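Using the sequences and the hints, build the whole thing.
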Amino acid sequence: MIILKNFLKITLLSISLISSAVVTAKTITVVDEQGRPFIDAVISVAAAAVEESSPSAPPQQPAIMDQVNRQFEPTMLVIEQGQTVVFPNSDNIRHHVYSFSQPKPFEIKLYAGDSVPPVQFDKSGIVVLGCNIHDSMLGFIYVKDSNPSWQTNQNGQAEITTAHGEILIWHPDLSVNHLERLPYALTGGDEPVTITLPRVAQLETSKRVFGSSKFKRQ
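Here the sequence shown is numbered in our numbering, starting from 183 and rising by one per residue.
Calculated directly from the structure, the hints in this document are not laboratory data.
This structure is a prediction, so every number in the text was calculated from the model and none was measured.
Careful: at least some of the hints might be erroneous.
Pairs of lysine-lysine, DSSO-like flavour, derived with a Cα cap of 27 angstroms [what the hints assert, rightly or not]:
1) Lys-208 <-> Lys-326
2) Lys-305 <-> Lys-291
3) Lys-326 <-> Lys-305
4) Lys-305 <-> Lys-286
5) Lys-326 <-> Lys-286
Here it is in structure tokens:
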């Protein structure tokens with residue numbers, strides 16, 4: 183009888199531990215004031231809301247930012263800090279890819295095809311991409327830090343694994359400079375949450391040129 187009672191106690195304890203380890207997902211929907219979804223928005227946990235942890239090793243497989251029909255494909259790419267990105271050119275014209283962004287200023291001068299070396303993004307942050315030949319081309323690389331993050335789907339929804347605390351929301355249409363991350367405080371519980379944010383009208387892309395040793399604006 184004693185053995186049976188001990189067995190039952192151990193079993194109940196195991197069930198309790200397993201239950202406490204289950205993380206309940208919380209559905210977040212991000213829309214604008216007209217109810218249109220923010221597709222591919224990035225939701226991340228604010229640094230103050232998580233315990234410090236060592237960043238994991240980045241994937242060895244490079245991410246791909248293609249160029250198709252004079253557009254970056256995908257428009258928004260989310261990668262791990264330290265990961266490399268390849269920039270194949272699938273168009274039948276040459277492109278000149280560049281970025282002025284602080285996490286990774288770089289340029290890949292006029293090229294075609296996929297014979298260019300990968301670019302490593304070793305700092306977290308938001309990198310805005312352009313083409314020095316085609317001003318209408320605009321792309322974004324979101325370099326994640328070690329904090330948990332998720333990307334919304336075509337309906338502006340993401341299943342996140344934190345029920346409370348501050349989150350940060352990024353989408354290029356949330357600010358004129360494309361870089362702002364807006365804070366939002368989640369309350370407890372796993373009920374779905376809809377977050378309504380203003381969609382900012384974007385300014386016309388300005389012409390940019392390169393100097394011999396550093397990027398310049400004109």
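query: Quick one, are Lys-305 and Lys-291 close enough, alpha carbons at most 27 angstroms?
result: holds, 22 angstroms
- request: Could you grab the alpha-carbon distance between Lys-326 and Lys-305 and see if it respects the 27 angstroms cut-off?
  value: OK: Lys-326 and Lys-305 at ~9 angstroms, within 27 angstroms.
message: Check whether the Cα positions of Lys-305 and Lys-286 lie no farther apart than 27 angstroms.
response: This hinted pair holds, its Cα atoms lying about 7 angstroms apart.
query: Regarding the pair Lys-326 and Lys-286, is the alpha-carbon distance no greater than 27 angstroms?
result: holds, 13 angstroms
message: Against the 27 angstroms threshold, does the CA-CA distance of Lys-208 and Lys-326 hold or violate the hint?
response: holds, 20 angstroms
The structure fails none of the hints (numbered hints given earlier).
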